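*Asks:* Chains as they are written, first to last, in the numbering used here: chain A, 1 to 182; chain B, 1001 to 1626.
Incorrect hints may appear among the rest.
To be verified - Below, computed lysine-lysine pairings styled on DSS-like, alpha-carbon distance capped at 25 Å: (1) Lys1562(B) <-> Lys144(A); (2) Lys71(A) <-> Lys1543(B); (3) Lys71(A) <-> Lys1540(B); (4) Lys50(A) <-> Lys71(A); (5) Lys144(A) <-> Lys1543(B); (6) Lys1189(B) <-> Lys1166(B); (7) Lys1538(B) <-> Lys1504(B); (8) Lys1316(B) <-> Lys1011(B); (9) Lys180(A) <-> Lys1562(B); (10) Lys144(A) <-> Lys1540(B); (11) Lys1620(B) <-> Lys71(A); (12) Lys119(A) <-> Lys1615(B); (13) Lys144(A) <-> Lys1608(B); (14) Lys1608(B) <-> Lys1538(B); (15) Lys180(A) <-> Lys1565(B); (16) Lys1538(B) <-> Lys144(A); (17) Lys1199(B) <-> Lys1189(B); (18) Lys1002(B) <-> Lys1067(B); (19) Lys1173(B) <-> Lys1142(B); (20) Lys119(A) <-> Lys1620(B); (21) Lys3(A) <-> Lys50(A); (22) Lys1543(B) <-> Lys1565(B); (23) Lys1608(B) <-> Lys71(A); (24) Lys1352(B) <-> Lys1011(B); (25) Lys4(A) <-> Lys144(A).
FYI, nobody ran anything at the bench for these hints, they're computed from the structure.
Being a predicted model, the structure only gives us computed values, none of them experimental.
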Amino acid sequence: MNKKVIATTSLAGCFGCHMSFLDIDERILDLVELVEFNKSPIDDIKVFTKRVDIGIIEGGCCNTENIEVLKSFRENCDVLVSLGECAIMGGLPALRNGIPIEECLREAYLDGPTVSENKEGILPNDEELPMLLDNVYPCHEIVKIDYFLPGCAPRADLIWDALVALVTGDEMNLPYEVVKFD
Amino acid sequence: MKDKILEITSKYGDDRGRLMDILIDIHDLKGYVDDANIEVLSEKLGISIAEVNETVSFYHFFTKTPKAEFNIYLNDSITSNLRGRTRVKEAFELACDATFEGKSEDGMFGLYNTSCIGMNDQDPAAIINDVVFTNLTPYRVKQLIKALKDGKSLQEATYESTGDGKNSDPDLKSMVFNNIRKGMMLLNKDYERFEVVGKILAENSPEDIIKTVEDSNLRGRGGAGFPTGLKWRFGRRVEGEHKIIICNADEGEPGTFKDRVMLTEFPDLVFEGMVIAAYATGADIGLLYLRFEYRYMYNYLSLVLEEMREKGYLGKNIAGIMDFNFDIRIQLGAGAYVCGEESALIESLEGKRGEPRDKPPFPVEKGYMNFPTIVNNVETLASTVKILKHGADWFNTFGTKDSLGTKLLSVSGDCRFPGIYEVEWGTSIREVIEMAGAEDVQAVQVGGPSGVLVSVKDVDHLGGTELMKWYKPSGMMVAQKTYDRKLSYSDLPTGGSIIIFNNKRDLLKEVVMNFMDFFIEESCGSCSTCRNLPYIMKQKLQKILDGHGVRQDIDDLLSWGKVIKVSRCGLGQTAANPILSSILNFRHLYEEYVQAMTDYDNTFDLEKSVEAANKFVGRKTVFHHS
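Bound conformation, chain A alone (with noise of 0.2 Å):
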């Protein structure tokens, strides 16, 4: 049988559910005899080389580079699923969506009591910069997404069972104590 090539990335995240999928201990040996990596902050790949079966996206999109990537991982994964509070809600990022984007500008680079450094008022308007969104968002709400699991982070014995679910085919055993929304 042909290992499944699984590409991962952390989007609008804080990389907690990629460190919860490294919870998997010592199955991570029995991970890389069915599968094999491709694009992930893992192995360091820095672009798809090949068709991919399986992309795992932590974290939602707030800016144009989030958006540039997940659709790139749309184009290259038959599968894609959405790891996490963030990917699957926005999570925390998105406690800035009921806040005008000007006004949460003002408070990081004008404002802020923590603002000490800039006399000239300087905003990040680089054009090498990634755009920032009005809001964040959720996967979902830029492309297709197949499965979701939640958590924040999800359980390692979830993102395990989850993964060889999906490479061996049999139903995913879903235990009522790994699914969890916090």
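With chain A held as given, fit chain B onto it using these hints.
*Replies:* Relative to the frame of chain A, chain B by itself:
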């Protein structure tokens, strides 16, 4: 002002449990309640400012902003829309020189939308300073506002005509109509007032009474269908320093107005039922929870209670039965649909927010002020009087095997004869449609937007699809193929709301959207499922109606609808029913909207989404990649 507030609180014995009455009195006095008043209340009643605030903010008819001289609450239920609400609304805005949810500049008129006020057979209807105006038309609105501007009183403006039956009673004098189209046992003029309490009660032991009610197989008429005799037996068995009988007259389910008619035409019958329940269970305190929208009946009903006290049917040693002491107080609500749920109603009676309690304990164990409490619907209590008068066997000659007796139906919508129909259980939807003179019928909404507290196992009899297990059967939109289904506890249980829609109506845009707005407005906010999902599901439906829907969206709605079942009360559990039952019975309407050629459509606009940030930082929107 402080003195006046203190005068009010002392009138109610500085009792925290009477906060509803105190707030209603303050609103009568000055139209609203401000922070200074709340501080006084908090001090005097021995509760925190937050506790007063949470009650004030919960109810639709309480406010912390000054009101106008005339506050016009225009019903925004679906039946109102069907009968030309938009034009009436515009007429109010023009005549009052104000827009809805605001006041006119001179402070004379305030215009507000309000959830169903129980006048569906005579919509559009409005409540103006507690006086109900029905069958409004743009012309009548113009005349009415002109009369008020000319300095006439609201009473003068209504007295041009009064409604039928006891609505023209000098103590009631309301322009509301009963529209009783068909009566059987309850709506029967053959009723000798207080005969059961006066004569029959003394001849029977409480045990006999409970036995008779059990033998009659009477089940709760509010919608849940719990056996009344059993409830009373539990009530009798439980020990308590006091026991409470509550009559639930908070019918807030859109399309329901039977309790209004019962209380107008036969208040004595309902109160008699409460006395019987008290005798059977050993209760000493009676409470009628009357929805604020029916406040115009308050004095009329109080006079009936006064008469009963004079005749010895309330008070001490009722009807000569030694140590049978019982009296009834009327408690007004203040505009909250969820208070129709029995434990929310009890919270409200205690002067708190109307949030449903966790069960168990059930009210019959720990209810009002933690005393054993029996909550019965208006219609249920009235039925017990007839049962005791004529016997359980007689009662069992009405209806079908599993659903005995009669049911009051509140029929409204697209039909020639909207009003109250008392029918035997087992009557089919088709028969109701024919009686009401409805033609070209597209759909019938049975049980209002939600069903109230029907147990899930009732659904199993239906043998329906998997989905049916997930939502309560009453509160469903019925399509033509199922018009032969029968109103009964095993087929289509219902609290009695029947709304008919003809083929000219857009079921999704007009009806389902209106129902979802109702649930969004009326959620108490306690459970996140009921607070959020109706809003999210309505957004999804809007996406479908906007032409951005895909097939997956329909499936999403169905699967999300299951989640709402974990809500604490019947309102929350059924808040997705408008969407679920319309998908179940009218799926083709949804499918007409969704796109066949794509399986994914978001409405995300990348360029627009970066506009605001780029403008603020001074940057051109340029995309280097595709």
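*Asks:* Could you run down the list of hints and mark each one as holding or not?
*Replies:* Outcome of the hint check:
Proximity of Lys1562(B) to Lys144(A) is assessed by CA-CA distance (about 22 Å); at most 25 Å being required, the pair is judged to hold. A threshold of 25 Å between alpha carbons decides the hint, and for Lys71(A) with Lys1543(B) the separation of about 22 Å falls inside it, so the pair holds. Of the supplied pair hints, the one linking Lys71(A) and Lys1540(B) holds, its CA atoms being roughly 23 Å apart against a limit of 25 Å. Taken as a hint, the Lys50(A) and Lys71(A) pair is honoured in the structure, with Cα atoms around 16 Å apart against an allowance of 25 Å.
Restraint check for Lys144(A) and Lys1543(B): satisfied, since their Cα atoms lie roughly 16 Å apart, inside the 25 Å limit. Of the pairs offered as hints, the one joining Lys1189(B) and Lys1166(B) holds, with about 12 Å between alpha carbons and a cut-off of 25 Å not exceeded. A threshold of 25 Å between alpha carbons decides the hint, and for Lys1538(B) with Lys1504(B) the separation of about 22 Å falls inside it, so the pair holds. The straight-line distance between the Cα atoms of Lys1316(B) and Lys1011(B) is roughly 23 Å, inside the 25 Å bound, and the hint therefore holds.
Straight-line distance between C-alpha atoms of Lys180(A) and Lys1562(B) comes to about 18 Å, which keeps the hinted pair within the 25 Å bound. Proximity of Lys144(A) to Lys1540(B) is assessed by CA-CA distance (about 15 Å); at most 25 Å being required, the pair is judged to hold. With a C-alpha separation of about 22 Å, the suggested pair Lys1620(B) and Lys71(A) falls inside the 25 Å cut-off, and the hint holds. With a CA separation close to 21 Å, the supplied pair Lys119(A) and Lys1615(B) stays within the 25 Å bound.
Taking the CA atoms of Lys144(A) and Lys1608(B), the gap is about 20 Å. The hint holds against a cut of 25 Å. The suggested pairing of Lys1608(B) with Lys1538(B) holds, with an alpha-carbon distance near 24 Å, which does not exceed 25 Å. For the suggested pair Lys180(A) and Lys1565(B), the alpha carbons sit about 19 Å apart, so the restraint of at most 25 Å is met. The straight-line distance between the Cα atoms of Lys1538(B) and Lys144(A) is roughly 21 Å, inside the 25 Å bound, and the hint therefore holds.
Using a Cα cut-off of 25 Å, the hinted pair Lys1199(B) and Lys1189(B) holds, with the two alpha carbons roughly 19 Å apart. Between Lys1002(B) and Lys1067(B), the direct Cα distance comes to roughly 19 Å. Compliance with the 25 Å bound is thereby established for this hinted pair. A distance of roughly 22 Å separates the Cα atoms of Lys1173(B) and Lys1142(B); the hinted pair therefore holds under the 25 Å criterion. The suggested pairing of Lys119(A) with Lys1620(B) holds, with an alpha-carbon distance near 24 Å, which does not exceed 25 Å.
Among the hinted pairs, Lys3(A) with Lys50(A) is consistent with the structure: their alpha-carbon atoms are about 13 Å apart, no more than 25 Å. Note on Lys1543(B) and Lys1565(B): the hinted pairing holds, with a Cα-Cα distance of about 24 Å set against a maximum of 25 Å. For the given pair, Lys1608(B) sits about 18 Å from Lys71(A) by alpha-carbon distance, which is consistent with the 25 Å threshold. Our distance criterion of 25 Å between C-alpha atoms is met by Lys1352(B) and Lys1011(B), whose separation comes to about 19 Å.
A hinted pair counts as satisfied when its Cα atoms are at most 25 Å apart, and Lys4(A) with Lys144(A) qualifies at roughly 21 Å.
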